[in-house]
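Undergrad: Sequence:
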Amino acid sequence: MNRTMLFAVAALMVAGTAQAQTINNGQTNSSNIRAKLNATVSDVQDKVALTSAGIGNSVTLEGTTANAINNTQRFFGDVSAELNATVNGVGKTVDVTSAAIANTASVKADWVGVVNNVQYANYDPTAVLNATLTNISGEVNATAAAISNTATIETDLGQVNSTQVNYAAVNATANTTIRNVSDSVSATAAAIGNTLSVKGF
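The sequence shown lines up with residues -20 to -1, 1 to 181 when you count with mature numbering (1 follows the signal peptide of the UniProt record, and there is no 0).
Quick caveat, the hints were computed from the structure, so don't treat them as lab data.
Beta carbons are placed, not taken as given, at the ideal position from N, Cα and C, and that holds for glycine.
Each hint should be verified, as a subset may be incorrect.
Label-pair distances were calculated between CB atoms; the ranges are [stated by the list, open to error]: (1) Ser162 x Ser10: 45 to 51 Å; (2) Thr40 x Ser162: 43 to 49 Å; (3) Leu176 x Thr114: 16 to 22 Å.
Cross-link-like lysine-lysine pairs, in silico, BS3-like; alpha carbons within 27 Å at most [what the hints assert, rightly or not]: (4) Lys88 x Lys16; (5) Lys27 x Lys72; (6) Lys16 x Lys72; (7) Lys72 x Lys88.
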């Protein structure tokens, strides 16, 4: 075998090794997480988006191929989000969101051999939204969302193993006053213990 062929074989071996990846993520949070936004907004011609978000552990993995992805998240703290919003006189869409999440994981790839997901939540995600929204020309979306464990997996794959354990109370409260809106109105309070979404196989 000549030197050129040896280099070609070596390059193929390196390329194959580079594609055969294993990703390990371990996250533990024992602290309290607090997010609070107080906002007064008026006389805006464009869109308005207000968000208060408290998150314990978060991982986003995006790529092409992997042999295995192993994710372990443990949350022993207390996470809360509060949004107090007064919005008046907006020409386009208004979005107000209060979100408290203990553990969140997102995987997006072309192909993964095995995805192992383990998530534990021990204390209470709490999301509170207090909103007064008036004189809006566009859509209005008001959301309070509290989630203990959430995972989204979007890939062609060989196997998924997911364990989600929630020991916490999950609380979402939305107090909204909405008046004089020209377009659609959506108001949501969602409290979720465990949620898993798998797509692409």
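Undergrad: For each hint, tell me whether it holds in the structure or not.
TA: Cross-check of the supplied hints:
At roughly 47 Å, the beta carbons of serine 162 and serine 10 sit within the given window of 45 to 51 Å. Evaluation of the 43 to 49 Å hint for threonine 40 and serine 162 yields a failure: the beta carbon distance comes to about 36 Å. Checked against the given bound of 16 to 22 Å, the beta carbons of leucine 176 and threonine 114, roughly 39 Å apart, lie outside it. The hinted pair formed by lysine 88 and lysine 16 fails the criterion: a straight-line CA distance of about 30 Å is larger than 27 Å.
A C-alpha spacing of about 5 Å is found between lysine 27 and lysine 72, which places the hinted pair at or below 27 Å, so the restraint holds. Restraint check for lysine 16 and lysine 72: satisfied, since their Cα atoms lie roughly 25 Å apart, inside the 27 Å limit. With a C-alpha separation of about 32 Å, the suggested pair lysine 72 and lysine 88 falls outside the 27 Å cut-off, and the hint is violated.
Going down the numbered hints, you'll see the structure goes against 2, 3, 4 and 7, while the others check out.
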